[in-house]
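Engineer: The primary structure of each chain is shown beneath.
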Amino acid sequence: MSTTNDTGADIVDGILDAAASVYRFFEGRGLQTLAVFTIVSAIIPLTNPSGFEMTVITELFLFGVLALSWDLIGGQTGYPSFGNMAFFGIGAYTTAILVKSFGIAFPLAFVVAAALAVAFAAFIGIIVLRLRGGYFAIATLGVLLASQQITRNLDVTGGASGIILLQTPTAQEFYYLFLAILVLEAIVVMYLAQTRFGLVLNAIRDDEGKATAMGYNTTYYKTAAWMLAALFTGVAGGAWSLFNTFVDPITAYNTAWNVEIIAMALLGGSGTVVGPILGAFGLHGLIRMVIDTYFTGWQLVVLGAVVITTVIAMPKGIVGTIEEHASAMEYYKHGGQAAADSSDADVADPGDGTVDDSGGDSP
Amino acid sequence: MSLEPILRTDGVTKRFGGLTAVDDVDLDVERGEIVGLIGPNGAGKSTLFNCITGSLDADEGTVTFEGQDITNWSEDGIARMGLVRMFQHTRVYGDMTVLENLLVSAAEDRGLGNTFARPSSEAEEHAHELLETIDLEGLADVRAGRMSFGQQKLLEFAMALMADPDVLLMDEPAGGINPSMLGNLIEYIRDANTDQEVTILLIEHNMDFVMEVADRINVLAHGEKIAEGTPEEIQTDERVLDAYLGRE
Amino acid sequence: MAIEQYVVNGLLVGALFAAVAVGFALIWGVVDIINLAHGEMVMLGGFVSYWSVDLLTGTNSASLLLALATVPIAVAVIYVVGYAMQRTLVSRVTDEDMFLTLLVTFGLSIMLQQLAIRAWSADPRTVNVMFETTSLNVAGLVIPKMKLIAFVGAIVLTAALWAFLKLTRRGRAIRAVAQNPEAAQLVGIDVEHTRATTFGLSAAIAGGAGAFITMILNVQAQMGLIYTLKSFVIVVFGGIGSVPGALIGGLLLGAIEETTAGVWSSKWTLAVSFTILILLLVVKPSGLFGPAVEGDE
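Protein chains in written order, with our numbering: chain A, 1 to 363; chain B, 1 to 248; chain C, 1 to 297.
Simulated from the structure, these hints should not be mistaken for laboratory data.
Facing chain A, a subset of chain C residues (Cβ under 10 Å, in silico):
hint, residue
1, Ile34
2, Arg92
3, Thr101
4, Leu102
5, Val104
6, Ser109
7, Gln113
8, Gln114
9, Arg118
10, Ile226
11, Ser265
12, Trp268
13, Ala271
14, Ile276
15, Leu277
16, Leu279
Now the in silico label distances, taken between C-beta atoms and shown as ranges:
hint, chain 1, residue 1, chain 2, residue 2, range
17, C, Glu96, A, Trp298, 20 to 30 Å
18, C, Ser91, B, Leu19, 35 to 45 Å
19, A, Lys333, C, Asp95, 24 to 34 Å
20, C, Asp190, A, Trp298, 35 to 45 Å
21, A, Asp6, C, Asp95, 25 to 35 Å
22, C, Gly58, A, Asp6, 55 to 65 Å
23, C, Asp190, A, Ser161, 51 to 61 Å
24, A, Pro315, C, Val187, 28 to 38 Å
25, C, Asp95, A, Thr168, 47 to 57 Å
26, A, Thr38, B, Gln88, 42 to 52 Å
Derived, one-sided and incomplete: chain C residues facing chain A with beta-carbon distance under 8 Å:
hint, residue
27, Leu89
28, Val93
29, Asp97
30, Met98
31, Gly107
32, Leu108
33, Ile110
34, Met111
35, Leu115
36, Leu270
37, Phe274
38, Thr275
39, Ile278
40, Leu281
The beta-carbon is built from N, C-alpha and C at its ideal position, and this holds for glycine as well.
Sequences are here, hints too, so could you generate the full structure?
Structural biologist: Now the structure itself:
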């Protein structure tokens, strides 16, 4: 594939080829992979890890959920939001208030929190989903910040100091709770990706006007994806409020985390199921295991740097780049045959009137 | 064959500020026909298309499809009814595979019940059949955006056929196609017309192509319809020649 | 307090918002980037002013002359920062998806914020400008002298930028690049340098405004994002290419904020501003006075 004698490029190509093969192996074996992951994760607490390790892994699951939810509306549907954490905050506060002030049991509180987050998504969706790309992103940032401000100003939410919770479940229970939410979401997204619903979302991302012209009411689909993302993000928020034993406006409606989950989705590979999860595990793992220990206080600086580097150097993310490479190999394999068959269907170069033969196309 | 034209515009007018892009155009297409729409650049052909498909709202006039007044219908509603269009600047879903592009366009799987199901085997069969016909079978798993322009054009055509249209609006289908391939294209269009009973209305600049493939031709100039007839009639029509050569 | 007082307060500070917004609009219009790190230029300019005073007097108090002298220093330093930012980083994503440039500039914003916190802590700092009497009394309204001076300063900065764009060669080059980069290149304009200059100017005016803000309010490591979003509101309202629009928008926003704070409560000003942001975006992203933005193809 490399046309130069550059050893560096050869090495990179070699790595990508190997990665592509690994990718091809796992492709189509999603459920099995997920099953293995679930079993391994379920066993870990039984091997007596430290409190810190339990906390970090639980957080990995949390960010996996958040990144995957972001990607559902951002990467799959093409509506990148700077304000998904609004759902997180709503879920967190709803749960906290219900549990603390009304003594409601956690499971029921989660259900209500999720319902509220979804309702909020539907309401906000009507307003913001008609905006495109960057404008949508800024509008959602406005939503997040407005929610943060409103929550900060109300008494029922404990104002700027927030709400403190007591009597919460054990570390192990949280571990399994977040694991369950992540696995559930992974299954849902994995399934949806194979259905017409998933295909339409991707079509909206690639060319919304075309999707409309082909007969899809894109508003329904966008809103559904948005509400689904809100559902899981809201539940995660609810669970987190208990896990953290404390909710306050800045942490619950967290602009930095929103950027972080975008970085995770992008870094891992937007538009895939495994990409955002891998990105979440990798980035959060890096931050907690390395940065927190050796470069305390630099987390957000590193985050900013990661975001910038990912966008500039690797916009398709790790999984995306591998997928692309695998797809390129596919095209070349078939490129020879298909190109010969359909080479006549090519563009006549308008400039000099000669034929552009697709046989020599580069990716 | 019913007496009503399957598609009809009556007095459709569209203005943009001071410019009247489409001026009181009456056009009809009979079921089973292949009708051409020609005219010099800026004549309003694509705008007329947009008014028909609902992506623009006509200021005056009506559009009737299968006997129904669809003038104010939504773009997606009109497409679902069986009036599908292709774009001049070929539009496909670039990051999805060729097969996915076809499956997402499938008419077989319409309906709420199928939304959360995998594409049906009928849809898959249909997709593979179409791929065979247009010779892109080997590229089924390739990202659509990776293909050459000509291949994407064929894909867009196949996607339109997947939607099982009653009427297909084609916007410059011959544009950018290798001349040696035009014969194939005419064949594909004729096959769709006869085998799948697709009525076709096409905009085209390539005169040889449109004269060859169309049963009837409408001519637009400066937003107005100036002539209508068989290819032979149009080729000798004074008004048409004037419009193309700039004589007013 | 009477409503007129709130309005006057709002107009006084609104001019600074306008100056910041004009810089924001410049980048948007010329380089076609919505720079989410713009507010950090305000913050950094403020700190330049603060540390200059600290360097020269060892305190945070200054005479009016000294304080005003820090403004051109802030302008110069932040110009360099802005120029460098565009040249090294932002230029790499200029042609990308709008969202990606937003993401990069947001990442930059976070980094700058955090670096500022590491360097100077999150505590707010002020430059105390010494007056014999701190305010004037005009027609029953209290007008703090420093706010009045800042108001004038903001107008001066804005006017200077406007004059630069209209009258100098570089300014004309900038406008050329904004209208048609290819044509500009063909006539020999160094497009990259021009874009970086624009970025520098935009940052510079924000930095200058930041210096004034430090004198009338305070500077704090995390204040950037709010100024960025306020700029966005103002520009969306006034129109991307319109300096008068930004001026009116800034004054209006200032007036609305101060009145909200006075009549209702200051804790609601931000919520109101952010809601206005969302509503404006829905109504018309390119501003009420600007040209229509192209939607669908």
